[in-house]
Amino acid sequence: MTGASPFSYDRLLNTVAAWALALLWILPLAYAVWTAIHPAAYEARFDLLAPLTLENFVKAWQAAPFARYFLNTVLLVTMVLAGQFLLCTLAAYAFARFTFPGRNILFTLVLLQLLVMPDILMVENYKTMRLLDLVDTIPAIALPYVASGFGIFLLRQTFMTIPRELDDAARVEGASALGVLWRVYIPLAKPTYLAYGLISISHHWNNFLWPLIVTNSVETRPVTVGLSVFSAIDSGVEWSVINAATLMTSGPLLIAFLLFQRQFVQSFMRAGIK
Amino acid sequence: MRNVTLKREWVLGWLLLLPSMVLLFAFTHIPAVTTFLNSFYSTPRGRRAAKFIGAENYERMLGDPVFWQVLWNNLWFALGTIPVSIALALVMALWVNDRLAGRGFVRMAYFTPTVLPMIAVANIWLFFYTPGFGLFDQITGTLFGWPATNYLGSPETALNAVIVVTVWKEAGFFMIFYLAALQSIPQSLKEAAQIEGANRWTIFWRITFPLLMPTTLFVSVNAVINSFRLVDHIFILTDGGPNNASALLLFHIYEVAFQHWETAYAATLTVALLLILCLLAIGQFFFVDRKVHYK
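In order, the protein sequence lines correspond to chains V and Z. So for the first sequence, the working numbering puts the first residue at 1; every next one is plus one. So for the second sequence, the working numbering puts the first residue at 1; every next one is plus one.
Because the hints were derived from the structure by calculation, they are not lab data. Keep in mind it's a predicted model, so treat the numbers as computed, not measured. Be careful, since some hints might not be right.
Said to hold, decoys possible - Computed footprint of chain Z on chain V, listed as stretches where at least three residues anywhere in the stretch have a Cβ under 8 Å from a Cβ of chain Z:
(1) 141-155
(2) 164-175
(3) 247-253
As the list claims (entries may be wrong) - Here are some chain V residues pointing at chain Z (derived, C-beta under 8 Å):
(4) 88
(5) 217
(6) 219
(7) 229
(8) 231
(9) 242
To be verified - Beta-carbon label-pair distances, calculated as ranges:
(10) Z:29 to V:216: 21 to 31 Å
(11) Z:56 to V:54: 52 to 62 Å
(12) V:51 to Z:284: 46 to 56 Å
(13) Z:64 to V:33: 38 to 48 Å
(14) Z:56 to V:33: 52 to 62 Å
(15) Z:260 to V:229: 40 to 50 Å
(16) Z:87 to V:160: 49 to 59 Å
(17) V:166 to Z:260: 22 to 32 Å
(18) V:111 to Z:79: 45 to 55 Å
(19) V:23 to Z:83: 22 to 32 Å
(20) V:166 to Z:64: 56 to 66 Å
(21) Z:69 to V:166: 20 to 30 Å
(22) Z:72 to V:24: 24 to 34 Å
The C-beta atom is built at its ideal place from N, Cα and C for all residues, glycine as well.
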């Protein structure tokens with residue numbers, strides 16, 4: 001099929017262009033890595049033989065309470081994910097398999113959240129958090145995202161593809177509504193949970209604006225806000241240290257992505273198509 | 001008997017929904033309504049409670065040059081990021097979908113920016129843009145002998161510099177959707193066209209591109225919403241400056257609410273943002289509808 005010679009010339013050109021773009025695309029990250037693993041003296045001087053060092057990472061780690069920031073982010077991401085899985089599963093089950101008055105209106109209201117994210121309503125949400133006396137706590141960062149319109153929609157779509165016969169069979173055996181959900185629906189929707197989980201984790205690991213507003217102490221700040229605070233007082237901090245800190249905060253996600261590249265890409269695809 | 005089971009189903013359905021609905025109302029629907037209501041009141045200060053002032057906030061907004069500038073910036077930002085990142089995403093997807101040498105690396109290179117936090121991305125690029133010292137100035141300096149340029153610090157280039165960063169971050173994300181769509185196009189269509197003697201260019205414009213139309217629309221919807229929602233990098237790169245040259249609407253709302261503490265005026269600006277999003281949604285709904293019939 002690809003035997004003809006003008007065809008392979010075309011292919012060569014495409015390959016070269018694709019690679020050129022790929023190198024251009026990876027360049028910013030590669031450059032950040034380069035400055036982070038070399039002494040500050042080499043941050044703007046390209047020398048292949050420059051000595052390698054981890055000193056920048058050590059400096060960054062000591063200059064700001066990154067350990068605490070990481071703990072906060074992990075707590076936040078876990079809290080959001082656990083809440084989303086629980087609440088979105090229940091809501092999606094209701095929308096997929098139950099008939100009750102008001103179902104369509106409520107579903108429209110859920111979909112509305114795809115357009116109007118909680119970040120946009122930050123002023124009012126901040127007031128609510130003050131009213132609940134939750135300002136500067138990790139639950140305050142998590143709560144607005146727990147009932148996720150996207151999650152409910154995604155899981156509902158998956159649940160609707162599960163044949164009703166399985167549902168009926170489990171019921172004949174005496175399973176309750178929640179028993180059916182637990183034994184039939186959730187196991188069959190595992191790929192969707194994986195996809196949604198990866199998207200949710202990467203989204204909330206990276207989220208910035210709302211955490212910035214609702215936190216104001218080291219004990220609650222996630223890494224993104226911590227990083228911005230760290231690089232904002234940059235008068236004395238060297239670029240190589242800032243780059244090390246930047247890589248450090250995105251590190252876990254980046255490594256996870258490189259290890260599970262296929263799952264990541266497929267998750268994003270799956271979530272996008274449905 | 002049947003009636004009783006029906007009623008039980010209703011109650012069960014409502015109960016399953018209850019926790020989600022409580023949170024959705026608490027953090028999305030009720031705040032949207034109170035934002036609208038608060039836009040007709042003055043900002044409460046100290047012991048002075050908010051008082052009804054009618055459309056005064058709206059008059060102020062319409063007469064506020066900063067509001068118009070920010071809106072204009074947002075429009076320019078959308079026009080600058082959306083077509084470029086979508087076109088790049090499509091090209092990337094076509095390449096990665098091909099049997100290309102080193103495809104794994106190329107795909108990883110395109111997609112990696114998507115996984116990075118916007119704050120980290122901004123930090124990396126801030127270093128690039130550093131006048132005299134960053135990579136940009138080093139390259140243009142050695143190649144063309146240009147003097148050091150403060151891309152982020154001058155009003156003419158600040159927003160464009162932000163646009164470049166956004167395109168870098170988003171193109172790989174949109175690529176994924178095109179990739180998914182490309183893989184669902186039956187190979188037989190292309191083979192049939194090849195037998196008819198069509199070249200790759202014709203195949204792309206007559207077969208692939210039209211079949212990708214729904215994806216293009218889906219991606220556009222996402223891109224437009226993102227262009228009004230994505231402001232994290234502005235905090236790091238320019239802080240909206242110089243002189244609001246790179247401030248976007250949501251960023252401006254943040255400034256008004258949490259730096260000037262004018263919450264009522266911020267509510268008014270939020271209403272404007274919600275209105276824009278609704279108009280976009282309605283517009284796209286009709287546009288998408290028409291295109292789907294065409295398919």
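Inset, instruction - Hints the structure violates: just list their numbers, smallest first. - result: Hints 2, 5, 6, 7, 15, 16, 17, 18, 21 contradicted; others consistent.
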